[in-house]
Amino acid sequence: GENVEQHPSTLSVQEGDSAVIKCTYSDSASNYFPWYKQELGKGPQLIIDIRSNVGEKKDQRIAVTLNKTAKHFSLHITETQPEDSAVYFCAASIGAPGGGNKLTFGTGTQLKVEL
Amino acid sequence: GAVVSQHPSRVICKSGTSVKIECRSLDFQATTMFWYRQFPKKSLMLMATSNEGSKATYEQGVEKDKFLINHASLTLSTLTVTSAHPEDSSFYICSARAGSIGNTIYFGEGSWLTVV
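Going line by line, the protein sequences match chains A and V. Residue numbering for the first sequence follows our numbering, starting at 1 and increasing by one per position. Residue numbering for the second sequence follows our numbering, starting at 1 and increasing by one per position.
Looking at chain A on its own, in the form it has when it is part of the complex:
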């Protein structure tokens, strides 16, 4: 089955700096890669996703890049703010975007943005 690895497990940055979280996946058939932000005691919130026919996607301060050859994808947050502090999960799935196929999650990254 699919295996997703995520690094780092914790990340501290100064407010205004950039943060990068990286994930690798094992199954070359995976074609949908969402990123979720989870605040303490709450459910994960989709912040951005990318499909395998695209190499990069950006939404304001958040961007995701995908390298299918190397089987890795990354989340980039620029101009970090204290409210960005949370746990971030990457995920991968096979088939149409989530199309009946389950997401395999990374182990999560605790991001802390310090003033």
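If you're looking for bench data, these hints aren't it; they were derived computationally from the structure. Check before you lean on any hint, since a few could be wrong.
Stated by the list, open to error - Capping the alpha-carbon separation at 30 Å, the derived lysine-lysine pairs in BS3-like fashion look like this:
| no. | chain 1 | residue 1 | chain 2 | residue 2 |
| --- | --- | --- | --- | --- |
| 1 | V | K64 | A | K57 |
| 2 | A | K58 | V | K42 |
| 3 | A | K37 | V | K42 |
| 4 | A | K57 | V | K14 |
| 5 | V | K41 | A | K58 |
| 6 | A | K37 | A | K112 |
| 7 | V | K20 | A | K42 |
| 8 | A | K22 | V | K41 |
| 9 | V | K41 | A | K37 |
| 10 | A | K22 | A | K57 |
| 11 | V | K20 | V | K64 |
| 12 | A | K71 | V | K66 |
| 13 | A | K42 | A | K112 |
| 14 | V | K41 | V | K14 |
| 15 | A | K57 | V | K20 |
| 16 | V | K66 | A | K22 |
| 17 | V | K14 | A | K112 |
| 18 | A | K71 | V | K55 |
| 19 | A | K68 | A | K58 |
| 20 | A | K112 | V | K64 |
| 21 | V | K55 | A | K68 |
| 22 | V | K55 | A | K112 |
| 23 | V | K20 | A | K71 |
| 24 | A | K22 | V | K20 |
| 25 | A | K112 | V | K42 |
| 26 | A | K57 | V | K66 |
| 27 | V | K64 | A | K42 |
Using the hints, position chain V against chain A.
For chain V alone, kept in the frame of chain A given last:
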């Protein structure tokens, strides 16, 4: 984005009793919903895939008779923890696949279950 509502957000039950958690897609239809369990500071562990109108598909190691899943409509799936034990205490999260929104998967807010 689409909204997935989970209820209750917190529940305390006595050992041996059953508790039901509801997962509703509020503004889209979901033929497929997923149930996860999450331990503190850990990732999400998929328990089962819930398909509208058919039996759920359980992950290896998840007891189907203990974690009953019903997906009777396109907007509602329920998870019933039967004969609850303290070790069932956890954060349970559902997600729903929005077929009308590019098959994107949205999560509910989660339900904290404490078995005493």
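Hint-by-hint comparison with the structure:
Among the hinted pairs, V:K64 with A:K57 is inconsistent with the structure: their alpha-carbon atoms are about 39 Å apart, more than 30 Å. Annotation: proposed proximity of A:K58 to V:K42 holds, straight-line Cα distance about 28 Å (limit 30 Å). A hinted pair counts as satisfied when its Cα atoms are at most 30 Å apart, and A:K37 with V:K42 qualifies at roughly 14 Å. With a C-alpha separation of about 48 Å, the suggested pairing of A:K57 with V:K14 is violated against the 30 Å cut-off.
The hinted pair formed by V:K41 and A:K58 meets the criterion: a straight-line CA distance of about 28 Å does not exceed 30 Å. Distance restraint check for A:K37 and A:K112: the Cα-Cα separation of roughly 13 Å lies within the 30 Å cut-off, and the hinted pair is therefore satisfied. Our distance criterion of 30 Å between C-alpha atoms is met by V:K20 and A:K42, whose separation comes to about 19 Å. The suggested pairing of A:K22 with V:K41 holds, with an alpha-carbon distance near 18 Å, which does not exceed 30 Å.
For the given pair, V:K41 sits about 14 Å from A:K37 by alpha-carbon distance, which is consistent with the 30 Å threshold. Distance hint between A:K22 and A:K57 is fulfilled; the C-alpha atoms sit about 15 Å from each other, no more than 30 Å. Distance hint between V:K20 and V:K64 is fulfilled; the C-alpha atoms sit about 14 Å from each other, no more than 30 Å. Of the pairs offered as hints, the one joining A:K71 and V:K66 is violated, with about 37 Å between alpha carbons and a cut-off of 30 Å exceeded.
Proposed proximity of A:K42 and A:K112 is supported: the alpha carbons are some 17 Å apart, at most 30 Å. The straight-line distance between the Cα atoms of V:K41 and V:K14 is roughly 25 Å, inside the 30 Å bound, and the hint therefore holds. Distance hint between A:K57 and V:K20 is unfulfilled; the C-alpha atoms sit about 39 Å from each other, more than 30 Å. Distance restraint check for V:K66 and A:K22: the Cα-Cα separation of roughly 36 Å exceeds the 30 Å cut-off, and the hinted pair is therefore not satisfied.
Among the hinted pairs, V:K14 with A:K112 is inconsistent with the structure: their alpha-carbon atoms are about 37 Å apart, more than 30 Å. At most 30 Å may separate the alpha-carbon atoms for a hinted pair to count; A:K71 and V:K55 exceed this at roughly 34 Å. The suggested pairing of A:K68 with A:K58 holds, with an alpha-carbon distance near 18 Å, which does not exceed 30 Å. The hinted pair formed by A:K112 and V:K64 fails the criterion: a straight-line CA distance of about 38 Å is larger than 30 Å.
Annotation: proposed proximity of V:K55 to A:K68 is violated, straight-line Cα distance about 35 Å (limit 30 Å). Between V:K55 and A:K112, the direct Cα distance comes to roughly 41 Å. Violation of the 30 Å bound is thereby established for this hinted pair. The straight-line distance between the Cα atoms of V:K20 and A:K71 is roughly 39 Å, outside the 30 Å bound, and the hint therefore fails. Straight-line distance between C-alpha atoms of A:K22 and V:K20 comes to about 37 Å, which puts the hinted pair past the 30 Å bound.
For the hint linking A:K112 to V:K42, the alpha-carbon distance of about 17 Å falls within 30 Å, and the restraint holds. Between A:K57 and V:K66, the direct Cα distance comes to roughly 42 Å. Violation of the 30 Å bound is thereby established for this hinted pair. Among the hinted pairs, V:K64 with A:K42 is consistent with the structure: their alpha-carbon atoms are about 26 Å apart, no more than 30 Å.
The structure fails to meet hints 1, 4, 12, 15, 16, 17, 18, 20, 21, 22, 23, 24 and 26 from the earlier list, while all remaining hints are met.
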